[in-house]
Amino acid sequence: MTEILSSAEEIAARIPDGALLALPPEYAPCSMETIRALVRRGAKELRLLGVPQFGIQAELLIGSGCVAEVETAAVTLGEQGLAPRFTDAIKQQKIRMRDTTCPAIHAALQASEKGLPFMPLRGLIGTDILARRDDWRLGENPFGEDDPIVYLPAIRPDVALFHAPKADRNGNVWIGLRRELMMMAHASANACVTVEEIVDGDLLDDPQLAAGTIPGLYVSAIAPAERGAWPLGVPHLYERDNAHLARYAEMAKSQQGFDAYVDQWVNGRAAAE
Amino acid sequence: MTEILSSAEEIAARIPDGALLALPPEYAPCSMETIRALVRRGAKELRLLGVPQFGIQAELLIGSGCVAEVETAAVTLGEQGLAPRFTDAIKQQKIRMRDTTCPAIHAALQASEKGLPFMPLRGLIGTDILARRDDWRLGENPFGEDDPIVYLPAIRPDVALFHAPKADRNGNVWIGLRRELMMMAHASANACVTVEEIVDGDLLDDPQLAAGTIPGLYVSAIAPAERGAWPLGVPHLYERDNAHLARYAEMAKSQQGFDAYVDQWVNGRAAAE
Amino acid sequence: MSGIRTEEIMIATIARMLSGLSHVAVGAASPVPGSAALLARRLSGGALRVSLLGRVSNPTFTDGARELFDCAAQGRIDAFFLSGVQIDGQANINLVSIGDPDKPKARFPGSFGSAYLYFLVPRVILFRQDHSPRALVPKVDYVSAPGVSEPNVYRPGGPYALVTGRCVFDFDKDAGRFRLGSVHSGHTVEEIEKETGFDFEMPDGAVVPETEMPSREWIDLIRGPVGEEIRETYPDFASRMFGKA
Amino acid sequence: MSGIRTEEIMIATIARMLSGLSHVAVGAASPVPGSAALLARRLSGGALRVSLLGRVSNPTFTDGARELFDCAAQGRIDAFFLSGVQIDGQANINLVSIGDPDKPKARFPGSFGSAYLYFLVPRVILFRQDHSPRALVPKVDYVSAPGVSEPNVYRPGGPYALVTGRCVFDFDKDAGRFRLGSVHSGHTVEEIEKETGFDFEMPDGAVVPETEMPSREWIDLIRGPVGEEIRETYPDFASRMFGKA
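Protein chains in written order, with the working numbering: chain A, 1 to 273; chain B, 274 to 546; chain C, 547 to 791; chain D, 792 to 1036.
Please note that the accuracy of each hint is not assured.
[Said to hold, decoys possible] Derived list of chain B stretches under chain A, where covered just means 3 residues or more per stretch with a C-beta under 8 Å from a C-beta of chain A: (1) 275 to 283; (2) 416 to 429; (3) 477 to 488.
[As the list claims (entries may be wrong)] Distance condition first, Cα-Cα at most 25 Å in a straight line; then the derived DMTMM-like pairs of lysine to aspartate or glutamate: (4) Lys94(A) - Asp891(D); (5) Lys1035(D) - Glu250(A); (6) Lys317(B) - Asp676(C); (7) Lys253(A) - Asp921(D); (8) Lys719(C) - Asp745(C); (9) Lys896(D) - Asp202(A); (10) Lys894(D) - Glu197(A); (11) Lys651(C) - Asp676(C).
Since the hints were derived computationally from the structure, they do not count as laboratory data.
No residue lacks a Cβ here, since even glycine has one placed at the ideal position from N, Cα and C.
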């Protein structure tokens, strides 16, 4: 049964230190309110999985010292430039980095979704990504002749964390077109979700909504968080706050500036509420 | 670009003799109107793929001598009993039969959907299904030790044929919860679809409808066919006509009775229109 | 309480086996287990999740037909139900054919998902109302799904019990064979021995227990709300058992 | 026609390379190829399908982020675009780091989908406005995706051309290296040789052609409707290039 919680703070409490935490990219709704709660709690040793890439959600956790390891296809602030705290952490060797490529993340999560130990994937051969991954195997296509193919072990995150437009009290979460969120929920031991609103009734009773809904079966906990993706956006509800992200990019160029940002926008916001 | 055709007859004309034809089960909308058109045309040597199982859609084609081969997890008329023409064809060795299991069909189509040469699948070891499939391979889990696992080659149907509630003129087809139809479309070289209605506008412009829509990118041809799944049903629109299926089951016990059924309900219906 | 039908005893027996579980799925051609699962859900106060293949209302899955299988492989389904045109003493099931599969004496629908789910769902309950030497055989003609596997084969799942129209067999995983669990009211051990084509073990005690009969309350649930609920998916079964809608 | 910007020459040049194709996809951080694809779609009368990552309106895909990659592997995407912090003469691209990857001098976002799509999409167009020996190097420090592969590696896709702020290089698949295709107006072959860190082949004729300039009509399209369309996904780029919305 899905727990219906009252705040992102409580969602954050369901994410233990050391967890393998799967997060969506900036453009699939990200539960920024929970990310800020994790920073406020001083979460430790998180292992972040980018599905498939990261932006400010990883920046805040990395810059705050919550992260031990990152596996992702990229970290970027998009038009607002490079991710300064990520870049710094790599250069200072503060985090372990596992570079990968988008479809390898999807394939490894699909393996977990399907209860398979692995999935094959084309591409990758001859890259330094493959050369530096000792957890992957270069094998043979059993139906080919001298046809090498890469095998990727399943990734089963401890928690998938994301934001969505709405959920009902049975734990069903409407995600519309953002089906990578469904794959994350299927593939993970727990899915923790903040939503713009919790609605009456059952989303699965409406054939149109059901088509874009993650069943409560896969959802451990939900909590309301209005504008919970801010400063990122939610498709069709509100847009990414580019001015704020530009401000973040500027402030986070130094650790001192980043700390000031956190004081104002992570700790300060909570204090103001 | 998706061709917008005017009848199921024209859809049937896009399915060449000898094609590997993927069809949904009775409960995901089946384009029965096109099946009848194939029977009227006297289609030959079709190879049917059940995704994952069959009912009257395969019966009509098998009983009419349109079928050379069947790969499916089952053929049954459900509460109306065994599938008489299928049973007879097997006993008379009129068709080649490849027995399989539901998730093996899904896995082989997912391999095609992902452009992969194969997919691994758990289960199967020790079954006569596996023992009798020389196109499958028993291999090893590359991440295990002495952990046998079955490898299935991708199946890429020539045509996926199904029915859906609605489509737009850009070829986008709304299928709601019946996502195996989307997988079939992704996995096949061509998808041919009849629909209850062709609507104005673009289904992808509505975030709710888009979540249950196959993009026109994968759809070769659509045509309107009102009540085109009859005597099967379309979820939320009309129900399976159980009385008619009971009548079919009774008539089809003999080839003579089946031929009378076809005269009345396949050839006769067309003549009456 | 007169007029309790064999199907109702089977429904109640299977429902008891689902007590305390979180999620059971019901496949094709399974009206008796489907009714049992819906009964068990009511008895659980809604805590048991029931995924009924073919049902349009209250869908559990939203990712297509493959989701049931993926979900099972993830360990998210606790119980499933299988039958067989033949079932043998090692719990092998045959859903395909009698005789040589290439030129069979009788052909049946096919293996459905059995060759997968039997390996992956922890508690697979076999059901077969027709308890005869024709159905319960020494060795199946075709293995749709095997009852036991070699130790190196990945197999978190497997047979749990076999519920027939005459009795309940429990499956002894270590011995790899069935043990008679209880005999339905009106049937005898001698009859079971005569009508069963495979060898089975006897229970430890001297007396073979009688299968617990469904209470008045359970019968009312089965014939009332459960019957109405199963009607959406199995209208013929519901009409035969509980009368027209 | 004065004031044509380098980006506009690149957009027009890339758009010409998309003529006659059915479906092109545009990945992250690709405003110039994105604009080119949208221009090409207009020039095709809508026949070209354009899938733009991150765009909310007019989605092409409905099966999640993996669909782009699956679609490419099926051969349903004709062209894609990649850049690199370094690109070398064998068309290897580096999107990760300069120096030792474990202790890099500079770290960049990462490889995105390049390590896959470069193998699978038939026509991968490389773009890099900054044409300098720092960007176009003899050998990349990190191979995010290789330009060429051994003959036994499954690789229906690969590099087609490299469009920079100064010129166009065509990729010669057989030779496994670039050939200078054309030089943008205002630039010279000598300059290209000086500013390119890798060796490349010269075209067969005596004279290196000048890159075709976009027509007035094309410029109007780029600055008009294409600019408005790209703004949804790349607002900063659109403001910088075409002014505020």
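Do the hints match the structure? See the list:
With a cut-off of 8 Å between beta carbons, the stretch 275 to 283 of chain B has 0 residues touching chain A; three or more are needed, and the interface restraint is violated. Against chain A, the stretch 416 to 429 of chain B contributes 6 residues with a C-beta closer than 8 Å to a partner C-beta. That satisfies the three-residue criterion, and the hint holds. Against chain A, the stretch 477 to 488 of chain B contributes 6 residues with a C-beta closer than 8 Å to a partner C-beta. That satisfies the three-residue criterion, and the hint holds. Among the hinted pairs, Lys94(A) with Asp891(D) is consistent with the structure: their alpha-carbon atoms are about 16 Å apart, no more than 25 Å.
The straight-line distance between the Cα atoms of Lys1035(D) and Glu250(A) is roughly 21 Å, inside the 25 Å bound, and the hint therefore holds. About 40 Å separates the Cα atoms of Lys317(B) and Asp676(C), which puts this hinted pair outside 25 Å; it is violated. Our distance criterion of 25 Å between C-alpha atoms is met by Lys253(A) and Asp921(D), whose separation comes to about 23 Å. Between Lys719(C) and Asp745(C) the CA atoms are separated by roughly 15 Å; this keeps the pair inside 25 Å, and the hint holds.
Simply put, Lys896(D) and Asp202(A) have alpha-carbon atoms about 53 Å apart, too far for the 25 Å limit, and the pair is violated. A C-alpha spacing of about 45 Å is found between Lys894(D) and Glu197(A), which places the hinted pair above 25 Å, so the restraint is violated. For the hint pairing Lys651(C) with Asp676(C), the CA-to-CA distance comes to about 19 Å; that is within 25 Å, so the pair holds.
Checked against the numbered hints given earlier, this structure breaks hints 1, 6, 9 and 10; the rest are met.
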